[in-house]
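S.K.: Chains A and B supply the protein sequences, listed in that same order. Using our numbering, the letters of the first sequence correspond one by one to residues 1 to 121. Using our numbering, the letters of the second sequence correspond one by one to residues 122 to 678.
Hints are computed from structural coordinates only; laboratory data are not their basis. Fair warning: there could be bad hints in the mix.
Claimed, not checked - In silico BS3-like links for lysine-lysine, alpha-carbon gap of 25 Å or less: (1) K248/B x K96/A; (2) K126/B x K244/B; (3) K223/B x K149/B; (4) K94/A x K39/A; (5) K475/B x K564/B; (6) K611/B x K39/A; (7) K149/B x K244/B; (8) K301/B x K96/A; (9) K248/B x K94/A; (10) K595/B x K572/B; (11) K223/B x K287/B; (12) K267/B x K325/B; (13) K244/B x K96/A; (14) K542/B x K564/B; (15) K39/A x K8/A; (16) K94/A x K595/B; (17) K595/B x K475/B; (18) K587/B x K559/B.
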Amino acid sequence: MSIEFNMKDGVITITNDVIATIVGGTAVECYGIVGMASKNQIRDGIAEILRKDNYSRGVIVRKEGEEIHIDMYIIVSYGTKISEVAHNVQSQVKYKLHQILGLAVHSINIYIQGVSVANQL
Amino acid sequence: MTLEKLDGNILAEMIFVGAHHLKSNCKKIDALNVFPVPDGDTGTNMNLSMTSGVAEVKKAKGSNIAEVAQAFSKGLLMGARGNSGVILSQIFRGFAKGMENKESIHTKDLAEALDTGVKTAYKAVMKPVEGTILTVAKDAAAEAVKLAAKESDIISLMEKVVESAKASLEHTPELLPILKEVGVVDSGGQGLVTIYEGFLASLKGEELPDAVETVAEIDISALVEKEHHHIAQDFMSSEDIEFGYCTEFMVKFEDEKLQENPFSETAFRNELSNHGDSLLVVADDEIVKIHIHTEYPGEVMTIGQRYGRLINIDIENMREQHDAIVSAEAKTEAPPAEKSTYGIVTVAMGSGLKALFENIGATVVIEGGQTMNPSTQDIADAVKQTNAENIIILPNNSNIVMAAEQAAEIAEENVTVIPTKTIPQGISALLAFLADEKLETNKANMLEASKQVKSGQVTYAIRDTKIDEIQIEKGNFMGIAEGKITATHKNKEDAAAQLLGNLITEDDEILTIIYGEDVAVNEVEQLVDKLEEKYKELEIEVYEGNQPIYSYLFAVE
Numbered sequence: 001m002s003i004e005f006n007m008k009d010g011v012i013t014i015t016n017d018v019i020a021t022i023v024g025g026t027a028v029e030c031y032g033i034v035g036m037a038s039k040n041q042i043r044d045g046i047a048e049i050l051r052k053d054n055y056s057r058g059v060i061v062r063k064e065g066e067e068i069h070i071d072m073y074i075i076v077s078y079g080t081k082i083s084e085v086a087h088n089v090q091s092q093v094k095y096k097l098h099q100i101l102g103l104a105v106h107s108i109n110i111y112i113q114g115v116s117v118a119n120q121l
Numbered sequence: 122m123t124l125e126k127l128d129g130n131i132l133a134e135m136i137f138v139g140a141h142h143l144k145s146n147c148k149k150i151d152a153l154n155v156f157p158v159p160d161g162d163t164g165t166n167m168n169l170s171m172t173s174g175v176a177e178v179k180k181a182k183g184s185n186i187a188e189v190a191q192a193f194s195k196g197l198l199m200g201a202r203g204n205s206g207v208i209l210s211q212i213f214r215g216f217a218k219g220m221e222n223k224e225s226i227h228t229k230d231l232a233e234a235l236d237t238g239v240k241t242a243y244k245a246v247m248k249p250v251e252g253t254i255l256t257v258a259k260d261a262a263a264e265a266v267k268l269a270a271k272e273s274d275i276i277s278l279m280e281k282v283v284e285s286a287k288a289s290l291e292h293t294p295e296l297l298p299i300l301k302e303v304g305v306v307d308s309g310g311q312g313l314v315t316i317y318e319g320f321l322a323s324l325k326g327e328e329l330p331d332a333v334e335t336v337a338e339i340d341i342s343a344l345v346e347k348e349h350h351h352i353a354q355d356f357m358s359s360e361d362i363e364f365g366y367c368t369e370f371m372v373k374f375e376d377e378k379l380q381e382n383p384f385s386e387t388a389f390r391n392e393l394s395n396h397g398d399s400l401l402v403v404a405d406d407e408i409v410k411i412h413i414h415t416e417y418p419g420e421v422m423t424i425g426q427r428y429g430r431l432i433n434i435d436i437e438n439m440r441e442q443h444d445a446i447v448s449a450e451a452k453t454e455a456p457p458a459e460k461s462t463y464g465i466v467t468v469a470m471g472s473g474l475k476a477l478f479e480n481i482g483a484t485v486v487i488e489g490g491q492t493m494n495p496s497t498q499d500i501a502d503a504v505k506q507t508n509a510e511n512i513i514i515l516p517n518n519s520n521i522v523m524a525a526e527q528a529a530e531i532a533e534e535n536v537t538v539i540p541t542k543t544i545p546q547g548i549s550a551l552l553a554f555l556a557d558e559k560l561e562t563n564k565a566n567m568l569e570a571s572k573q574v575k576s577g578q579v580t581y582a583i584r585d586t587k588i589d590e591i592q593i594e595k596g597n598f599m600g601i602a603e604g605k606i607t608a609t610h611k612n613k614e615d616a617a618a619q620l621l622g623n624l625i626t627e628d629d630e631i632l633t634i635i636y637g638e639d640v641a642v643n644e645v646e647q648l649v650d651k652l653e654e655k656y657k658e659l660e661i662e663v664y665e666g667n668q669p670i671y672s673y674l675f676a677v678e
């Protein structure tokens with residue numbers, strides 16, 4: 001799907017990919033996040049950390065009526081408070097989407113797909 | 122007073138004082154919060170996290186430092202609130218890990234624990250953003266590690282840690298543009314500095330003054346200026362301003378009016394938003410301040426009057442302002458860019474030649490050449506324009522060499538003239554230029570290169586004349602080799618062939634042809650075909666020079 005803005009001189013269409021890239025880019029800057037994960041873990045491998053080009057596999061943008069919902073799949077770092085990290089991601093993503101796209105999202109649902117212990121001390 | 126050993130009791134005390142100091146400063150820290158989300162809760166979040174940490178420490182209080190640190194870490198983790206709280210919990214998780222199995226510690230252990238804390242904190246983030254609490258923690262720990270080898274006093278060590286954390290904090294706006302824009306230091310970093318300050322005060326047995334509770338009010342005027350700043354910078358013209366009046370006023374609430382119309386900041390804001398943009402509404406119990414860009418200020422103020430009296434009214438016509446700003450901006454010069462090491466000024470005619478020179482490294486190409494010599498002033502201006510430390514001028518014409526030398530004399534910069542007399546010489550000289558080399562080396566190489574090349578030019582005669590024993594008729598083409606007329610012909614291609622016949626010897630390898638604006642592409646192709654047949658070993662390069670006067674410029678090397 002894509003999101004449309006009706007402007008004075010025409011229409012601006014923003015595709016899911018753009019939103020996914022912004023959402024993914026914001027998420028990986030959040031503290032406690034190790035990466036974005038694919039929604040389809042079985043098909044794409046166990047908790048594979050997505051590369052930048054593939055963020056859209058871990059970010060789902062849904063439009064229900066006028067409301068925009070975002071589901072995102074992430075991997076967090078071992079030893080952080082997961083609920084708090086996820087909450088930070090929610091507020092940061094919401095803020096960034098509003099700032100960059102002027103988009104007010106209704107909900108951001110976070111699915112923790114994995115905990116990374118690989119790079120512990 | 123010195124302290125060489127740190128045990129659980131002392132650490133617990135440090136944590137209590139640190140937490141208390143953070144608490145009394147948390148409003149101040151909130152006010153700094155603009156990153157990652159400007160929601161002004163960093164201080165509060167850190168305080169709540171710390172409080173949870175303190176509660177666990179109280180339960181575990183004992184003389185074993187590993188246990189105290191572990192309890193603190195656990196409390197922080199459980200109570201972590203907000204981004205800064207989570208980072209704080211990670212810093213002290215690593216810190217506790219660094220103290221594992223230890224009864225008490227010395228400076229070296231403390232430094233290592235701080236360092237482990239930083240490493241742990243950094244590991245939990247994919248793309249660490251510098252200029253945040255992470256940077257402050259890192260710089261402070263680095264200082265501790267550096268000093269620990271020779272410093273055995275924990276108090277002095279902690280003093281240096283606080284100092285370097287503060288220095289790092291002051292530096293955060295340089296690393297994180299948003300901080301600089303708003304003019305604050307990082308809030309999380311400030312929180313960490315505050316905690317460290319508490320640690321130090323506890324070690325020294327000093328009392329820390331409670332922070333004054335009044336927090337500097339958010340500076341609305343600064344915000345307003347920022348709004349205007351954007352408008353002025355934006356690429357709109359005065360006609361594009363939809364809402365023409367920047368309207369600022371305050372409403373002082375009146376009880377009887379409020380009874381009739383209860384005030385809700387959100388509802389009020391929503392209502393005003395229909396009347397314009399750039400809206401700011403800030404309210405407390407007594408007053409609401411409004412900033413809005415609107416076309417009808419009166420209507421907005423009427424709405425405000427429902428709740429009380431209007432005070433401090435200030436309305437500006439932004440269309441007028443915008444015109445003023447734009448014209449003022451046009452006058453202000455851009456800040457001087459940093460000087461480059463080398464600047465190259467050269468003279469050429471024709472768009473193709475200009476582009477050719479620019480492609481091979483000329484900074485400024487002055488329009489000019491035969492019959493249109495640039496003045497000393499033109500060259501001096503071009504020299505200024507390069508904004509470089511060392512400027513090399515390639516005049517490319519014997520008539521311009523003098524002017525170039527004069528320009529070099531009057532210039533304040535370090536100017537060198539390589540006396541190139543033809544365009545091919547200029548090109549060769551420029552090709553020999555290497556930006557990494559010293560000026561002296563470049564000078565020698567360029568001069569040498571300009572001498573290596575043989576120049577030929579084909580141009581037309583504007584009147585009948587006789588030069589160097591050659592009779593020339595008006596309208597005929599002349600071939601000039603190294604400044605001497607050696608060929609003349611009715612047809613420019615024949616003049617070119619004749620000229621090249623004199624110019625090219627068996628030792629030559631490359632012929633560069635730059636054709637002028639009066640030459641058609643098929644004419645060049647014919648000439649090249651002819652030349653290729655005659656000089657089988659020669660490599661021929663062709664450029665479109667678009668130069669006037671000279672049909673052909675030849676460089677033979």
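S.K.: Going straight from one Cα to the other, do K301/B and K96/A come out at no more than 25 Å?
M.R.: Satisfied, since the Cα-Cα distance of roughly 19 Å is no more than 25 Å.
S.K.: Compare the distance between the alpha carbons of K542/B and K564/B with 25 Å, and conclude whether the hinted pair is satisfied.
M.R.: With Cα atoms ~16 Å apart, K542/B and K564/B stay inside 25 Å; holds.
S.K.: Holds or violated: K94/A and K595/B, Cα atoms, limit 25 Å.
M.R.: violated (78 Å)
S.K.: K595/B and K475/B were given as a pair; does the straight-line alpha-carbon distance stay at or below 25 Å?
M.R.: Between K595/B and K475/B the Cα gap is close to 29 Å, so the pair fails against 25 Å, i.e. violated.
S.K.: Measure nothing beyond the straight line between the CA atoms of K248/B and K96/A; if it is 25 Å or shorter, mark the hint as holding.
M.R.: holds (16 Å)
S.K.: Does K149/B lie within 25 Å of K223/B when you go C-alpha to C-alpha?
M.R.: violated (36 Å)
S.K.: Assess, step by step, whether the Cα of K587/B is no farther than 25 Å from the Cα of K559/B, and give holds or violated.
M.R.: At roughly 47 Å apart (the allowed maximum being 25 Å), K559/B and K587/B break the hint.
S.K.: Mind checking the alpha carbons of K595/B and K572/B for me, to see if they're no more than 25 Å apart?
M.R.: violated (32 Å)
S.K.: Regarding the pair K244/B and K96/A, is the alpha-carbon distance no greater than 25 Å?
M.R.: holds (24 Å)
S.K.: Would the pair K149/B and K244/B pass a check requiring their Cα atoms to be no farther apart than 25 Å?
M.R.: violated (29 Å)
S.K.: With the threshold set at 25 Å, check whether the alpha-carbon distance from K126/B to K244/B stays at or below it.
M.R.: Judged against 25 Å, a Cα distance of about 30 Å means the pair is violated.
S.K.: Regarding the pair K475/B and K564/B, is the alpha-carbon distance no greater than 25 Å?
M.R.: holds (22 Å)
Checked against the numbered hints above, the structure breaks hints 2, 3, 6, 7, 10, 11, 15, 16, 17, 18 and satisfies the rest.
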